[in-house]
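Student: This is what each chain is made of:
Protein chains: 2
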Amino acid sequence: MCEGEGIFEGEIWVRGDRILYVGKGEIPDDIYAEMPGKCIIWDKEIDCKKNLLMPGFKNAHTHSGMTLLRSFADDLPLDEWLNHKIFPIEAKMTAEDIYELSRLAVLEYLTSGITAVFDMYLTPKSIGEAFDNMGMRCVQVGAVNNFSQSPEMVEEMYQTLNHKSPLQSYMLGFHAEYTCSKSLLEQIAGLAHKYKAPVFTHLAETENEVAGCRKRYGMTPMAFLDGLGMFDYGGGGYHCVHMTPEDIEIMSRKGLYAVTNPGSNTKLASGIAPVTDFLKAGVKVAIGTDGPASNNCLDMFREMFLVIGLAKLREKDASAVDALEVLKMATVNGAKAMGLKDADVLEAGKLADMIMIDLNQPNMRPQNNIPKNLVYSGSKQNVVMTMVGGKILYENGVFYTNEKPEVIYQKTDSILEKLIGKIPDENT
Amino acid sequence: MCEGEGIFEGEIWVRGDRILYVGKGEIPDDIYAEMPGKCIIWDKEIDCKKNLLMPGFKNAHTHSGMTLLRSFADDLPLDEWLNHKIFPIEAKMTAEDIYELSRLAVLEYLTSGITAVFDMYLTPKSIGEAFDNMGMRCVQVGAVNNFSQSPEMVEEMYQTLNHKSPLQSYMLGFHAEYTCSKSLLEQIAGLAHKYKAPVFTHLAETENEVAGCRKRYGMTPMAFLDGLGMFDYGGGGYHCVHMTPEDIEIMSRKGLYAVTNPGSNTKLASGIAPVTDFLKAGVKVAIGTDGPASNNCLDMFREMFLVIGLAKLREKDASAVDALEVLKMATVNGAKAMGLKDADVLEAGKLADMIMIDLNQPNMRPQNNIPKNLVYSGSKQNVVMTMVGGKILYENGVFYTNEKPEVIYQKTDSILEKLIGKIPDENT
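Protein sequences appear in the order of chains E and V.
Just so you know, full-length UniProt numbering puts 23 at position 23 of the first sequence, and the rest follows in order with no gaps.
Just so you know, full-length UniProt numbering puts 199 at position 199 of the second sequence, and the rest follows in order with no gaps.
Pulled out of the complex, with its shape left as it was, chain E reads as follows (with noise of 0.2 Å):
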């Protein structure tokens, strides 16, 4: 079990979707005293069997509704596979569409211990309504480009889906300093001293983009937002791959955080994120799998091994990075990020976001040390529960959420035969 930073053998009581108790299982007095009858009855009681409790994992940047393009169109030059191939089928997307892919997504965080994902898509309600329907947690993010959504639609976002369901809120953000215009970034920079609120985008993930602003505005896309007073109430970047000093000072000096998203910087060839930078200029750290097209898996155990080893790649030093640290950042900074400040570590009072890891498995033996266990050598399959909100949503490979798998694959197949077209049975 986890508390803050360590490791005890002991218990965890939850009440609703809250932590009511975390300690070595004495009853404390002040949880005694409101028992009704003075007894505690409990629902259930889950053998741990000396495995891990810890907080779930946070996806801190995803495209859920892109699963449908996993596999779709892969190992093509970036703009090919970006312009001629993602972007028509996109195009072509309904909200109900995304709906149903986005369950699916779901589906596969559950079987990573990701209990929470910052998403960024196309249409916020129906991804909200998914994500409600399978009982999982979402911080939703504006996506407003020159082509989609609005800042009337993100403002109207802000302000309704904070207040729809526990499990769901949103947070102001645009796509990209390339794909919007400056009005339109000072309109959304406008809402964010409106609301004394923080904003997050996609943030230097290429050399193309950063050349291009430089080319735009003499600047890169961190000083010219900067500039726009983007940034005056916090957020950060996701990627934040090609970063001058200069930026990362910005971004320490605003208490920003940079969201890194490794898996994706690799497939699509983008580069390796200043890790080490970021925390020796104290900037915070979180994690993201990015969206199933580009990565292609969400899988939060892949992603950590690929921080801190890019890191040492990057430093040529095999010290750089603690693996503690990128735990951390896959868990405590994530969550700090999202808005998500009772879904950070166990605590009583904290919400019940958390994951069971199996230590009984071969690749968790022996245990010299059981943070670097999870961070080199831990899997998905170590993840033998998960749990959001008080309730268990996977457990030993069994999904316990409102739809079952087999009927949302049926969904997503459907969806797939209409927008891409029927797999061939020999589909290699």
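Hints are computed from structural coordinates only; laboratory data are not their basis.
Among the hints, a few may not be true.
The list makes no distinction among identical chains, and a pair is therefore deemed to hold if it is satisfied within one copy or across any two copies.
The calculated lysine-lysine pairs, modelled on DSBU-like cross-linking and capped at a C-alpha distance of 35 Å, are [what the hints assert, rightly or not]:
(1) 391 - 50
(2) 316 - 280
(3) 254 - 316
(4) 92 - 50
Computed from a predicted model, the values in this text were never measured in an experiment.
Following the hints, complete the assembly by docking chain V onto the known chain E.
Tutor: Just chain V now, kept in the frame of chain E:
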């Protein structure tokens, strides 16, 4: 099911340790004719439920006995890690210790669909016994260097372990150029000529190693070893990270295998192997995990993603290397490098070394392209059956090996306590 490169719906029949039939399910005349009483009696029939049967992964470079040192001393500079942490513990290991530690590795291999490994470590006899005991296939390779083993021992193992058990074989090899004197290397090259046999070794893993060889002999390790006649009968190198065009030309001309180990090269900050250069030059590439102290897990799915992802990063080209090519490296090429000519593909007469991949988990949906799903989204979680030599050793999370995991964990924990010391309760 896989036959060569294709995927089709059908059946695979197994008799003894071999595949009897692969096809649509009609009984061929020659098989029918030899049936006793002209009827087929199956010991066991498995409904694959439209899941994928494919050849097991071949882990083409590992040091199984190093499981003890997983998470023991990570995030340290390479020299400190190796000389001050790893070597002192290894010096204390007995053959019996390595027997148990290798059995622990076998459990992990099975969970990742690995059906055979190419193992280089300290005590070949006890390692072979461990694999025999667990029912798993193991090709060992000589690890001789200035400090342990000898050419005589390599020759003795070559003569004995190649005839001991259908699951074991042994190839000529030595640890590395930098740990062997010139006269020792000449003796190994002599054995290669005596037996007309291929030789494998660690090769060009780090910049330092190549610089050292240049200083000693004025040549790269590849050029120097080739000049000794080391590879006149084939073989290859593990790692092969820092290779000149001339090195690659030698490999191509001699038909050598480059066994890439991206997880280890990443974690130890050694660099990115020039996989696209190998492919362009026609050098055959296989994939290995390296040992669990330097990776730290024994997971071919992670390695496959790293092979393709790091190639794209290195070339700054998202189209570098195709997923199907990587799948071949992890199966067919590995088998060929290891001399397992009958364990490469699923065909009648080949060894029944195969695995079942659950295509009904969310990371495998939709099925736009199954090979790409495997390489980009696949995980150990998808491995629901691992069969070696016709015997199911792992199915749906349960091990059917001769020894239970609990017993092996207990024994390896005792070795840890003996060699490293008791793990504190709060082992962070």
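Student: Now look at each hint and say whether the structure bears it out.
Tutor: Evaluated hints:
In this assembly of identical chains, residue 391 and residue 50 lie within 35 Å of each other by CA distance both inside one copy and across copies; the values are 21 Å within and 32 Å between. Taking CA atoms no more than 35 Å apart as the test, residue 316 paired with residue 280 passes in both settings, with 16 Å inside one copy and 27 Å between copies. For the homomeric pair residue 254 and residue 316, the shortest alpha-carbon distances inside one copy (29 Å) and between copies (32 Å) are both at most 35 Å. When the C-alpha separation of residue 92 and residue 50 is checked against a cutoff of 35 Å, the pair qualifies only between copies, where the shortest distance is 30 Å, while the shortest distance within a copy is 49 Å.
Going down the numbered hints, you'll see the structure goes against none, and every one checks out.
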